[in-house]
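Just so you know, the sequences run in chain order A and B.
For the first sequence, this note's numbering begins at 883 and goes up steadily by one.
For the second sequence, this note's numbering begins at 214 and goes up steadily by one.
By construction, these hints were calculated from the structure, which means they are not laboratory data.
Computed from a prediction, not measured in an experiment: that's the story for all the values here.
Here a beta-carbon is modelled for each residue, glycine too, at the ideal position from N, C-alpha and C.
The reader is advised that the hints may include incorrect statements.
Unchecked claim - In silico DSS-like cross-links for lysine-lysine, where the CA-CA straight-line distance does not exceed 27 angstroms:
#1 LYS1235/A / LYS225/B
#2 LYS335/B / LYS1213/A
#3 LYS256/B / LYS965/A
#4 LYS335/B / LYS966/A
#5 LYS381/B / LYS1233/A
#6 LYS966/A / LYS256/B
#7 LYS1213/A / LYS256/B
#8 LYS965/A / LYS225/B
#9 LYS357/B / LYS1213/A
#10 LYS357/B / LYS1235/A
#11 LYS335/B / LYS1233/A
#12 LYS1235/A / LYS335/B
#13 LYS1233/A / LYS357/B
To be verified - Computed list of chain B residues with no C-beta within reach of chain A, every gap over 10 angstroms:
#14 THR279
#15 ASN373
#16 ALA454
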Amino acid sequence: MELLIKNGFVYDPINGVNGEKIDIAVKNGKIVEKVNECKAKKINASGMVVMPGGVDIHSHIAGGKVNSGRLLRPEDHYRDFEKKTRITRSGVGRSVPSTFTTGYRYARMGYTMVMDPAMPPLEAKHTHEELSDTPLIDKASYPLLGDWWFVLEYLKDGKIEECARHVAWMITATKGYAIKLVNPGGLEAWGFGNNVSSLDDQIPHFGVTPREIIRGLCKVNQLLGLPHTIHVHTNNLGVPGNYATALETMRCVEDLAAGGKPVIHITHCQFSAFKGDDWRTFESGAEEIANYVNACSHVTLDMGQVIFTDTTTMTADGPFQYSLHTLSGNKWVNHDVETETSTGIVPFHYKRKNYVHATQWSIGLELALLIRDPWKILMTTDHPNGGPFIAYPKIVAWLMSRKAREATLKRINPKARSRSLLQSIDRELDFSEIAIMTRAGQAKALGLNCKGHLGVGADADIAIYNFNPETTDPSRKYKAVRRVFKKAAYTIKNGQIVAKDGEVLRHVNGATFWLNVQTREPAVLTAEMQRRFKEYWTVEYENYPVSENYLAVSHPITVKADV
Amino acid sequence: MIVNLYPLKTFKLPIIAECINPDMLKGKTLDDMRRLELWEGNKRRTLGELFKIEISNPASSSENVTIIVNGDVSRVKRIGAGMKSGEIIIKGNAGMHLGAEMHGGKITVYGNALSWAGSMMKGGAIEIHGDAGDYLGAPYRGSKEGMRGGKIVVSGNVGNEAGAYMHKGVIKIYGNAGQFTGFRMRGGTIYVQGSCGGRAGTCMVDGAVIVVGALESAPPTFTFEGVKNKARIDENEAVEASFYLFVGDLTENGVGKLYVARDRNPHLSNYEKLL
């Protein structure tokens, strides 16, 4: 099918297009130079903003953890449900929506690719089953490897090449996309009721430190040449004073960077930018982090913006979730994923009038506005930890409009308001910067060449928003911004219009992206490892890998590594 | 305005009828009322398809609506859900979630009500002349938002977990109550005239449970505070009798009060040795 999008204001930062009126031609699911004007279906986008389809680098949308969250929160479902239509299925859930609803809601906002950031390898099959059932968007998942026993052992022995081969096997076997580290070392310690509090704490029984894990896996990532960097949820997350740990984490891989390319992604950075000694002296550490990030080029971040709402927090960071449970008194799920990682889930309500929550809200926006280069800071809420992804339009409005920020500032805790740096920040992002933070930058950080831009050869994933930047000022009309980003005028996935004005028009299966990492030598699985698999895992080694036919639509990316 | 509803058949499938609500009928003509939508099983129906509607006294103020349901509506859920004013009278049994999240007005049932009557209610009054099911005034599954105001009076017996997570308001039960009455209560008062099932007041933080009938045992995580001659239900009402007073739940650092009548619970008399 051919498609021609005419007269839109195109924002395509990767190709240097900044609001110019260009026609976009689509053929067979790809963007092409031109199409036959008579035959092609035309979309009149005059007076509208045309962007590449949205990409979300970090959003918990599938897997054992999300599903436990759904079970834990019936009260999250019953107020928010979607009725079945001729095309769509019914579904429930606000902060932990069902798979189909997740796909529909992302597509309505103009998103076309979402990464699930935490897949315990043991639950890879479950995660992929859910991802296969998430329609309209492409997706991928990052296996949790920061506390994987064999990785810890290889790193302890300094066997980086062997570790790389093992990680390559793991990523291919779990059909993963990147190396995810969550509270490196802390989760292994949590298996014994402990945690780590600095980058140099020894992990019990293994004798490695978080610093060695981060540096080791960063080197592994480089050896394998994976498209994304290591994706790190820092130690001490959610603890006052942890901005120092976040800075230390970024510094510890500084020397590994080469050629100005990023080597580490610090995810949901807002939760790692707390200053102060305890909750009473709690304040924002965004300025320190922004100053560091502005001065270096080896880091990318995402926001993890907090939204004032009731949501469900879920991370693989078991010890953090436990402290959140004791802090809030809310119900809690603790899940020990055997030898691999941990998991915790706690419902949480971020309140405007709470000093800490309001400051957290401020930190996320401060990070986004104080970091000058939008390619380094990407927009997320760490769905559902900071808030559900359906709140993205609100964040876009806050970023584009000082007036929108002031309107919210007026309503938050007075102490948080007086201390917030937002009052002194005048910066307002334009559509091009928003396009970077929500699609181009995300695709670039992920190393996805076919996403996040509208150049010839790219996947025809396009979002069109009914907003005329020539006649309307987004800074003043922030409510209009919120409205249009909530319901894209058109969402085009692989050259097909899947949603129009917030209504899903057809069901399309998105693809699951995964890395087929081919090493020069295969990973060695010793008899000792097999014995341990038998003894310590509930799944046999033979049943462990996820076969390709398990994915509804498989999209392998081959990576050849010289190890 | 008085609106009479007569069920046109014996309902076999569950019906969700949020439109049986005085606020929804306010200022509507008979035809408008007939067109109000509800669900029967998975099918959309209109009020007129399932009920015969009669309006009497239309000339009186249409602001003050009274709905009278004549017949058994035990399959009909969410009657009066979220209502703010007016009155509903049900001459028969009522279904689940009766008056859920109601803010004001009054519901009277001359029959039994099933589970979750007055769930998460914030104000108003519910009077049930028969029995009530489980979770009377308790929140929806998983939620902590218990009753925040209003009054529920049940003449018969109630099931388990009446008044769970209650914050404010009064529940009066003239019959017997099931287990876990006042579970995780944070305020308000539950009065049980009959006997009460085990574990009354478990995990309560504040508020009061008054048991005039028999209670099998006081929870072990409560302290015995002594004998009192009066237990207060609300500002206007108190019960004058001899009560054992227990305070807890200590596992939650709670200061909730559990009054248990002395004369009906001789098996608790060994607590008196502690005085």
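To see whether the hints hold, each was checked on the structure:
Taken as a hint, the LYS1235/A and LYS225/B pair is broken in the structure, with Cα atoms around 48 angstroms apart against an allowance of 27 angstroms. Pair hint LYS335/B plus LYS1213/A holds up; C-alpha atoms about 24 angstroms apart against a cutoff of 27 angstroms. A threshold of 27 angstroms between alpha carbons decides the hint, and for LYS256/B with LYS965/A the separation of about 12 angstroms falls inside it, so the pair holds. The suggested pairing of LYS335/B with LYS966/A is violated, with an alpha-carbon distance near 32 angstroms, which exceeds 27 angstroms.
Under the criterion of a C-alpha separation no larger than 27 angstroms, the hint pairing LYS381/B with LYS1233/A is consistent with the structure, at around 22 angstroms. Between the alpha carbons of LYS966/A and LYS256/B the distance comes to roughly 12 angstroms, so the proposed pair stays at or under 27 angstroms and holds. The straight-line distance between the Cα atoms of LYS1213/A and LYS256/B is roughly 36 angstroms, outside the 27 angstroms bound, and the hint therefore fails. Of the pairs offered as hints, the one joining LYS965/A and LYS225/B holds, with about 23 angstroms between alpha carbons and a cut-off of 27 angstroms not exceeded.
Restraint check for LYS357/B and LYS1213/A: satisfied, since their Cα atoms lie roughly 10 angstroms apart, inside the 27 angstroms limit. Between the alpha carbons of LYS357/B and LYS1235/A the distance comes to roughly 20 angstroms, so the proposed pair stays at or under 27 angstroms and holds. Our distance criterion of 27 angstroms between C-alpha atoms is met by LYS335/B and LYS1233/A, whose separation comes to about 21 angstroms. This hinted pair checks out: LYS1235/A and LYS335/B have alpha carbons roughly 22 angstroms apart, not beyond 27 angstroms.
The hinted pair formed by LYS1233/A and LYS357/B meets the criterion: a straight-line CA distance of about 16 angstroms does not exceed 27 angstroms. Against chain A, the non-interface label of THR279/B holds: every CB pair exceeds 10 angstroms, the least being about 29 angstroms. Distance check for ASN373/B against chain A: the nearest CB is about 18 angstroms away, which clears 10 angstroms, and the non-interface claim stands. Every CB of chain A is more than 10 angstroms from the CB of ALA454/B (nearest about 35 angstroms), matching its label as outside the interface.
Checked against the numbered hints given earlier, the structure breaks hints 1, 4 and 7 and satisfies all the rest.
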